[in-house]
Amino acid sequence: MTDRQVLLMTYGIFFLLGFFVGKMANKNIVFGITLPDELLVDQEVKAIKTKFYRRYTCLLGTLLVVCLYLDGHNHHIAYIFAYIGTWLFVTPLLFAQANKGIKTIKGKKYKPLEGEDYRSASLVKRQVRHSHSFKAFLIPLAISLGTGLATLVHYRQIPDKIPMHYDYSGQVTRYGDKSFGTLSILLWTQVFLTLLIMGSTYASLKWSKQRLSSRRPKTSEYQKSVANKRFILVMALTAACVNLTFTGIQLQSIGLIHLSPGVFNGLIYGTMLPLFGLIIWFYLTTGQSGERLKVKALEEETGPLSLNDQEDDYWKAGLVYYNKNDSAMFVTKRFGGGYTINFGNPRAVGLLVLILLAIGGGICWSVFL
Amino acid sequence: MVITINAGSPVPIYSQLKRQIILAIVDNDLEEGYQLPSVRQLAGDLDINMHTVNKAYKLLANDGFIQISKKKGAFVALDYDLLRVTYSANGLIEDLALYLKLYKRIYGSLGPIRQLIDNLEVDHDR
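Residue numbers (my numbering), protein chains in the order written: chain A, 1 to 369; chain B, 1 to 126.
Derived by calculation from the structure, the hints in this document are not laboratory data. Ideal Cβ positions, reconstructed from N, Cα and C, are used throughout, including at glycine. Just to be clear, a hint being listed does not mean it is correct.
Going by beta-carbon spacing under 7 Å, a handful of chain B positions derived as facing chain A [stated by the list, open to error]: (1) I5; (2) N6; (3) A7; (4) G8; (5) V11; (6) Q41.
Now the in silico label distances, taken between C-beta atoms and shown as ranges [stated by the list, open to error]: (7) B:K104 x A:K324: 48 to 58 Å; (8) B:R19 x A:V124: 14 to 24 Å; (9) A:R129 x B:F75: 17 to 27 Å.
16 Å max Cα-Cα, derived EDC-like pairs, lysine to aspartate or glutamate [to be verified]: (10) A:K100 x A:E291; (11) A:K125 x B:D123; (12) A:K218 x B:D29; (13) A:K125 x B:D29.
Next up, chain A with everything else stripped away, as it sits in the complex (with noise of 0.2 Å):
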């Protein structure tokens, strides 16, 4: 794949992506509100439906034009830079105004019942780390492992000097000295990343709160607990996915594969493709909290379904929970598959800053060694 091939590919899944904003959230919540069913077939939230998408198409969609004519005219990856970053800005800002008029809908037309807040919860103890499916992660860590042995078991056969930096197309721009250290640097980033993917699925599920939904909470359980084994596997095959990256970088560099820069170039976005065949399949077939899946009706009564105002006023621009009363780090998103975290949490904050500082510690390491 050329660079240029790329760009064009990046360009259209940002613009694609708003498409799929109302797919990528429960029913029964829209903008970030969550809605009564009666009030989801109502006109006035589909106008602003509507409108959200109209918004969208126009202002990102002219953006889209612009930046490909002068990126076809001008090649320069400021363009690509400028879209996304727009976009990154954009997006948030007509979802944040979507999430305000639907509001303003639930506040007129909904009226809460009075002393009816119900809640529901699993008595089954979570455990994380003794999990079948949380020893997916020994995937990406053997090939970890496997990198580091077979570097070490070629190290004598590895020429001196040894590419330290490719381009896109896949050609060798940088070469440097070999040496314990060099040779190290991609091992170290792949045991650093997976220990990080894997660190945070644990405390994703560990220490998040997991409400049912009280409209049939038996049914809510298993499809909760079914999301929370995939969502594992999804988390363990990126860690996996992003070794076998690094992995073949580290390969290509010691000289153990010959592949031509094509080739080569090929399998390191080929890794990412299943990633995001991955990503999108959990979405289609479990979605949030596994609302998606097709489960035989479990026999129990429909309860009622609780519309907790207040949980609407936490979720600022229906995408941020900050809640300082919840001693939850961690809440299902809304928006959006997994978790977040309650940024009126102090400790959850802390984490995300340690989180921010190693990787933005590990890119400086990588860039300036």
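Assemble the complex: chain A is given as a structure, and chain B must be docked to it using the hints.
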């Protein structure tokens, strides 16, 4: 196994929790030795204070339904001697008599309650 509470109800949450866990135990949904979630987990999931869950667990232990150990946490362990003290036969019959009389006064007949007793006996025979 699922638990549902109503935080908007005037019934205290700890007693709702206690009642539901007892019901699950007598229904055999929670068997002897079943490990209950940690106080932190349950309080977090239900968005309630940890003291509330702790209180419910302590009351259950005092009654003889569960045992709490510092290392292993809370697990179902029926202490029949203690249960017979907490829920004496006479005491249960007295309570039951009150509810039966109340039911009859308000709803006239005891039909649905006979049905309930029959069902319980069928379950027991099985």
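The hints, checked one at a time:
{"no.": "1", "hint": "I5", "verdict": "holds, 6 Å"}
{"no.": "2", "hint": "N6", "verdict": "holds, 5 Å"}
{"no.": "3", "hint": "A7", "verdict": "holds, 4 Å"}
{"no.": "4", "hint": "G8", "verdict": "holds, 4 Å"}
{"no.": "5", "hint": "V11", "verdict": "violated, 10 Å"}
{"no.": "6", "hint": "Q41", "verdict": "holds, 6 Å"}
{"no.": "7", "hint": "B:K104 x A:K324: 48 to 58 Å", "verdict": "holds, 51 Å"}
{"no.": "8", "hint": "B:R19 x A:V124: 14 to 24 Å", "verdict": "holds, 19 Å"}
{"no.": "9", "hint": "A:R129 x B:F75: 17 to 27 Å", "verdict": "holds, 19 Å"}
{"no.": "10", "hint": "A:K100 x A:E291", "verdict": "violated, 25 Å"}
{"no.": "11", "hint": "A:K125 x B:D123", "verdict": "violated, 28 Å"}
{"no.": "12", "hint": "A:K218 x B:D29", "verdict": "holds, 13 Å"}
{"no.": "13", "hint": "A:K125 x B:D29", "verdict": "holds, 15 Å"}
Checked against the numbered hints given earlier, the structure breaks hints 5, 10 and 11 and satisfies all the rest.
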